[in-house]
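Based on the sequences and whatever the hints tell you, model everything.
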Amino acid sequence: MNSFTNQNSTGFLRIEAEQICVDYNGTLALYDASLRLSSGCICGLVGMNGAGKSTFFKALMGFVLPSRGKIRINGLPVSRAQKEQAVAYVPQNEGIDSSFPVSVWDVVMMGRYGSMNFLRVPRQSDVKAVWHALERVELLELRNKPICALSGGQRKRTFLARAIAQRSNVLLLDEPFAGVDVRTEKLMADLFIQFRKEGRTILISTHDLNHVRDFCDLVVLINKTVLAYGNTSEVFTKENLSMTFGGDQPDPISGSESID
Amino acid sequence: MHVFFITFDPLSLLIDPLSHEFMRRALMVSALVGGVCGLLSCYMTLKGWALMGDAVSHSVMPGVVIAYALGLPFSFGAFVFGVGSVALIGFIKQKSRVKEDTVIGLVFTGFFALGLVLVSKIKSNIDLMHILFGSPLGISNSDVKQTLLISFIVVFILLIFRRDLMLYCFDATHARSIGINTGILHYLLLSALSLSAVAGLQTVGIILVVAMLVTPGATAYLLTDRFSNMTFLAVVSSVLSSVIGVYVSYWSDIETGGSIVLVQTLFFLLAFLFAPRYGIIKFNNSIDL
Ligand SMILES: Nc1ncnc2c1ncn2[C@@H]1O[C@H](COP(=O)(O)OP(=O)(O)OP(=O)(O)O)[C@@H](O)[C@H]1O
Ligand SMILES: [Mg+2]
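Sequences listed follow chains W and V, in order.
Sequential numbering from -16 applies to the first sequence in my numbering.
Sequential numbering from 5 applies to the second sequence in my numbering.
Worth flagging that the hints you see were computed from the coordinates, not collected in a lab.
Here the structure is a predicted model, which is why all the values come from computation and not from measurement.
Fair warning: there could be bad hints in the mix.
Incomplete in silico selection of chain W near chain V, CB under 7 angstroms [what the hints assert, rightly or not]:
no.	residue
1	Cys24
2	Met44
3	Gln65
4	Lys66
5	Ile79
6	Phe83
7	Pro84
8	Val85
9	Met93
10	Tyr96
11	Gly97
12	Arg103
13	Pro129
Built from N, CA and C at the ideal position, the CB exists for glycine as well.
Now the structure itself:
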């Protein structure tokens, strides 16, 4: 329950990234990307395919090593923050073997491993956290199903539940809305808004610009670097968006109307 | 073998062989090795390390020969070369653009060839056939002790790190993101693999060890959707096939290693055909809605 921080801690920096540069074998994917997020906010990460959103997440988790720059989570180096369960990450593609013989419950319980002793024997509190997380993503009935029997969207919710079960203060969610139905979308949005109330910090990448307008306090527009960053109302403008998504050719279908 | 023809009392078929010291020893060692390899085989099949198991088991060959020549415990030499081969595979893969399975194939055949050449060059009383095909019926007391020690270490590793290793096989990214050191888990699993290969070499020999490290896991995988059930079933099927294999080899005077692995393969085929959910033959054609 330690993660239920009060509003009064707002202002404490949860994520600090300073001038991150990442290259893959010499090809630059991200340069000079900086971000500072305090507690109790939802930040949207927006950019076109290949803009470096996933790369940014991976850098924040220490899965790709930035060639330059400094990253702190909860004021700690990333590896320390991970050991203290300060950060939960749901990747864009889980990259798992979906026929692995584990149940939904087992997977969500994996979110608790970091706070268990080294034999990973679940305590009462772990069982509670898993139950609670499954409840929140409406997967309780399916908890004993093997994951090979899940649909793609249910699997996505399972991994979100695992991140929730971790009870971290910082949530990094790479395209959580991709491939889920409207109902789940609504459920997830409500969940995120509640997390914000609890003082958690959420970084979400998404291709749905309406989500950003609906519940993101802050927005980061990126294309290999941070193009614009700030309050959604100020940054999420037509000019900024057309700059983010390839400059002077506006989208012929949903184009300018949907952006206003 | 004459027992077989004189009496058809099934109980005596099982009990009579036990009057021989070598049979008792062979059964004990085979069952133990079977259990250990069976447990590990779950991780090998789930992690997709079958080829790695093949590589490690073949690569221990020169280690065994050198250890014998120097008068060291053979399992020590085998372990060094087993881990060494894996390190070399990792190094070459990292430093070159050759694909992993190619590197694995290249390294282990190189080591195996080195082992063959050493056997032919170093004059000693090593029986090549015993290394290649195992000889549980002729196992020595010191080999039994080494096998006991090895089995204890492997089982210890696999039980203590049971859940971490399962998580590592399932989702290494998540393991890292909750602060678990996956590098250590990787090398623990590889060490367990090298040690089990050494143990398995006792009963079925270098060439067939990979069967011990893959088949029971694959059989169990067809039978269940729960990891804990899978480890249980793998161990049971592996111990059973080792014991049955040794008996069959005794009764009908056939090669022991081959007989153990054949029984394992038979178990797999049965699961493949008749497993309740994943077998290819369905008894009730009803579809649950
Ligand atoms: N493992 C990798 N090796 C080499 N290049 C990579 C690798 N991963 C990503 N890239 C490159 O880095 C750039 C950024 O990729 P990234 O996955 O971060 O994009 P993204 O913003 O998440 O895109 P999407 O919206 O499609 O998910 C791309 O040009 C991609 O080709
Ligand atoms: Mg991406």
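Q: Give me the numbers of the hints this structure contradicts, sorted from smallest to largest.
A: 1
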